[in-house]
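Q: Read off the chains here:
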Amino acid sequence: MKVIFLLNDLQLSGGVGVVIQHARRLSAIDGWDVTLALVREEDAPSWVGYDELPHLHVCSREQALAGHYDVAVATWWETVFTLFEVSADRRVFFVQSLEDRFYEDGEAERLGAALVLDLPVAFVTEARWIADTIAALRPEAQCYLVRNGIDKQVFGPVASLPETQEGLLRVLIEGSPSAWFKGVHTAIVAAAAMREPHHVTVVTGERRALGDVVADEVVGPLSHEEMASLYGRTDVLLKLSIVEGMFGPPLEAFHCGATCVVTPVTGHDEYVVHGWNGLLTDWDDVLGTARALDLLARDSDLLRFLRANALETARAWPSWEQSSQFMAAALLAIRRDPPPLAAPAAASLLADLRAGIEIHGKLLRERVVFYKQARRLERIRRLPLVRLLLRLRNSRSLKLVARPLRPLYRRARRSLA
Amino acid sequence: MADWQERITRETTPAIRAEHDLRYRLAAPLIAASAGWADLGCGNGVAAAAALPERPSARAVLVDIDERVVARAAEELGLPDAVCLAADLTDPDALRRIGAELLECAGERIVTCFEVVEHLSSFVPLLQWSVELAREGAATFVISVPNDAFWSIQNPHHLSSWGEGAFEELRRLLPREQTLLRQISLTGSAMIGWDGEPTRYELVAEIGGERAVASHFIAAFGPRHGELWRGAVATQGDVLGQRRWERQRENDVALAQKELDVLEQELAQARAYVERSSTWFAEWRAYIHELERQLSLPLSGAGPDELPEVREPPAESPQDQATPPQ
Numbered sequence: 001m002k003v004i005f006l007l008n009d010l011q012l013s014g015g016v017g018v019v020i021q022h023a024r025r026l027s028a029i030d031g032w033d034v035t036l037a038l039v040r041e042e043d044a045p046s047w048v049g050y051d052e053l054p055h056l057h058v059c060s061r062e063q064a065l066a067g068h069y070d071v072a073v074a075t076w077w078e079t080v081f082t083l084f085e086v087s088a089d090r091r092v093f094f095v096q097s098l099e100d101r102f103y104e105d106g107e108a109e110r111l112g113a114a115l116v117l118d119l120p121v122a123f124v125t126e127a128r129w130i131a132d133t134i135a136a137l138r139p140e141a142q143c144y145l146v147r148n149g150i151d152k153q154v155f156g157p158v159a160s161l162p163e164t165q166e167g168l169l170r171v172l173i174e175g176s177p178s179a180w181f182k183g184v185h186t187a188i189v190a191a192a193a194m195r196e197p198h199h200v201t202v203v204t205g206e207r208r209a210l211g212d213v214v215a216d217e218v219v220g221p222l223s224h225e226e227m228a229s230l231y232g233r234t235d236v237l238l239k240l241s242i243v244e245g246m247f248g249p250p251l252e253a254f255h256c257g258a259t260c261v262v263t264p265v266t267g268h269d270e271y272v273v274h275g276w277n278g279l280l281t282d283w284d285d286v287l288g289t290a291r292a293l294d295l296l297a298r299d300s301d302l303l304r305f306l307r308a309n310a311l312e313t314a315r316a317w318p319s320w321e322q323s324s325q326f327m328a329a330a331l332l333a334i335r336r337d338p339p340p341l342a343a344p345a346a347a348s349l350l351a352d353l354r355a356g357i358e359i360h361g362k363l364l365r366e367r368v369v370f371y372k373q374a375r376r377l378e379r380i381r382r383l384p385l386v387r388l389l390l391r392l393r394n395s396r397s398l399k400l401v402a403r404p405l406r407p408l409y410r411r412a413r414r415s416l417a
Numbered sequence: 001m002a003d004w005q006e007r008i009t010r011e012t013t014p015a016i017r018a019e020h021d022l023r024y025r026l027a028a029p030l031i032a033a034s035a036g037w038a039d040l041g042c043g044n045g046v047a048a049a050a051a052l053p054e055r056p057s058a059r060a061v062l063v064d065i066d067e068r069v070v071a072r073a074a075e076e077l078g079l080p081d082a083v084c085l086a087a088d089l090t091d092p093d094a095l096r097r098i099g100a101e102l103l104e105c106a107g108e109r110i111v112t113c114f115e116v117v118e119h120l121s122s123f124v125p126l127l128q129w130s131v132e133l134a135r136e137g138a139a140t141f142v143i144s145v146p147n148d149a150f151w152s153i154q155n156p157h158h159l160s161s162w163g164e165g166a167f168e169e170l171r172r173l174l175p176r177e178q179t180l181l182r183q184i185s186l187t188g189s190a191m192i193g194w195d196g197e198p199t200r201y202e203l204v205a206e207i208g209g210e211r212a213v214a215s216h217f218i219a220a221f222g223p224r225h226g227e228l229w230r231g232a233v234a235t236q237g238d239v240l241g242q243r244r245w246e247r248q249r250e251n252d253v254a255l256a257q258k259e260l261d262v263l264e265q266e267l268a269q270a271r272a273y274v275e276r277s278s279t280w281f282a283e284w285r286a287y288i289h290e291l292e293r294q295l296s297l298p299l300s301g302a303g304p305d306e307l308p309e310v311r312e313p314p315a316e317s318p319q320d321q322a323t324p325p326q
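Chains A and B are the protein sequences, given in the same order.
The first sequence: position 178 = 178 (our numbering), numbered continuously.
The second sequence: position 309 = 309 (our numbering), numbered continuously.
The following block holds chain A by itself, in its conformation from the complex:
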């Protein structure tokens, strides 16, 4: 079985880490030949933090195009551009999140990331909510579920709960501060709003993007082993993400004896149960989140209950070995079954493209209207009298003289608006 995974790069990230875990274990199966292809030119150093990489076959896009594979697997929407250039019997898109959600309204990438879900490929995904969404969008498409495993060598599960620190809630905030949907800054603000004694540790590999924040400790980047050790010294992981795929960090924390306070983000329902092994907090509710943390700081029984159940949840969670068995079974099934039909995929693609064009057209029309308004205003601004008035507007003495006229001016503006 010859498999190629297409990656943009090998930068340390959750998504890349998942692919490497699978590639490493699949390549250990007799008769499996697994390659990682980097389809984008690298702009930063690779290999950092992945112990498994030296044992894997990594090649460039050009080298990948020269070979033939039983199954080619795209692992991020941009890598799908190469998926149909590679010679392969079957094509798979390993969906780790609905990636259009990473982009804001109006960004061109948003449409691109959504359209790749319409292609005639088989899907493998890591979360039930994604599988359900794909089933709703593409009922005819093959979609296999392969949930992420946990590296049980690194992340316990611990034999018993680590001791808490008397009278102090140890809060950990983790994530990329430059990714708007990770909610790192909101989490820091929520933790800072706590009234009970606490110690906040922020873990990030991007200190500059973090800026000046209120935290007792800022650490990172950390290796997996260091992260596990830190989770072991943590009572609660605070994650206020807006977008998540499988939502792995709370699960890692569970393995090390910590509980979590999280938003009801996609993926949380796979294992977080409010009041059983963690607490859910509402969207954008900074004060509510702080109150939930204060509750845990005050009620050591509740904290211990949640942590104990979190550890129990962790014990039943599969390892990477099991997860990769499901990946192997899924890829074998995809190779065994006939390739997906092009017509339903094309129909879906065109429908989404039309919707995309309509949205884009609406944006363009709005832009034309704004442009016309701007030009009209610009013409007015260039009139000698207006230019004089604008100059006078900044004059201090005139401001003093005009102060009594302000209410009149405001009323005039309101009526114009």
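Treat the hints with care, as some may be off.
With beta-carbon atoms standing in for the labels, derived distance ranges [claimed, not checked]:
(1) 212/A / 6/B: 55 to 63 Å
(2) 60/A / 267/B: 50 to 58 Å
(3) 241/B / 287/A: 53 to 61 Å
(4) 205/B / 206/A: 52 to 60 Å
(5) 247/B / 276/A: 27 to 35 Å
(6) 233/A / 6/B: 33 to 41 Å
(7) 31/A / 205/B: 46 to 54 Å
(8) 282/A / 236/B: 47 to 55 Å
(9) 33/A / 6/B: 34 to 42 Å
Note that these hints are calculated values from the structure, not bench results.
Backbone N, C-alpha and C define an ideal beta-carbon position, used for all residues, glycine too.
Given chain A's structure and the hints, the job is docking chain B onto it.
A: Then chain B, alone, in the frame of chain A:
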């Protein structure tokens, strides 16, 4: 030590035996109507024998990793002509061998595989083989896995963890024509006459709803997946056995703890002896080196890193405690 009861025997607690019996009863109508039946991970055959009131007419292929228990299963089931195979279900060749034996039977075929998948180091070959046979319409499969999320401790004999999520992953790999069931634990009580005369009761139990947590998940796939029997099994609890088992467990744990304490004590003694000896050797070494220096001789003996390993602490007596010369 704790009895994980991974093999069903006559001594297995009634609750676990009832669970296992029920799974075989589920498949009983299919076994009765089939020309061939393969039982993967058949064990001693105790549960199957209890669930199948009549000797199956189907040609039986009994499979287990342990050769001895397969023979015992054939005996238990009263099937002297059964094909007994000792096979590793992670080995594709072994699976092909089982398939060949099964396909020799002309007509309907059924394969039962209860509480086996979680014991395999890789379930991929078994999964591929079973899906292939089911898709071809060659056999109907009934498999079960435990709900590990239901237990608060890890089972040392389970090589994979199963729960709702893992079962969903499995379900998506099976043919679309499938029947899924949840096995639910029951609890209850009964009244009998003072003399303890055996009595037979028909029970009515309401089962299901939000609080119904599955102890096991069942999947059937293949041409006759929809023909599974549905029902419940209630059996008399073995309170005496349970009490004995609990006492035995407490006793075993206490004994093990005692043994651990003794070992820890011995370890502490050995550690103290090594420390004393090391100090004693160091002092002697320093004294000899000092003498050698005074006599302008090269320093003798091994360095601290090359000292021989101390294997056994000798019996301690005041005479053994040599003191270096002052």
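Q: Against each hint, give a clear statement of whether it holds in the structure.
A: Taking the hints in turn, this is what the structure says about them:
{"no.": "1", "hint": "212/A / 6/B: 55 to 63 Å", "result": "holds (57 Å)"}
{"no.": "2", "hint": "60/A / 267/B: 50 to 58 Å", "result": "holds (56 Å)"}
{"no.": "3", "hint": "241/B / 287/A: 53 to 61 Å", "result": "holds (57 Å)"}
{"no.": "4", "hint": "205/B / 206/A: 52 to 60 Å", "result": "holds (58 Å)"}
{"no.": "5", "hint": "247/B / 276/A: 27 to 35 Å", "result": "holds (33 Å)"}
{"no.": "6", "hint": "233/A / 6/B: 33 to 41 Å", "result": "holds (37 Å)"}
{"no.": "7", "hint": "31/A / 205/B: 46 to 54 Å", "result": "holds (50 Å)"}
{"no.": "8", "hint": "282/A / 236/B: 47 to 55 Å", "result": "holds (51 Å)"}
{"no.": "9", "hint": "33/A / 6/B: 34 to 42 Å", "result": "holds (36 Å)"}
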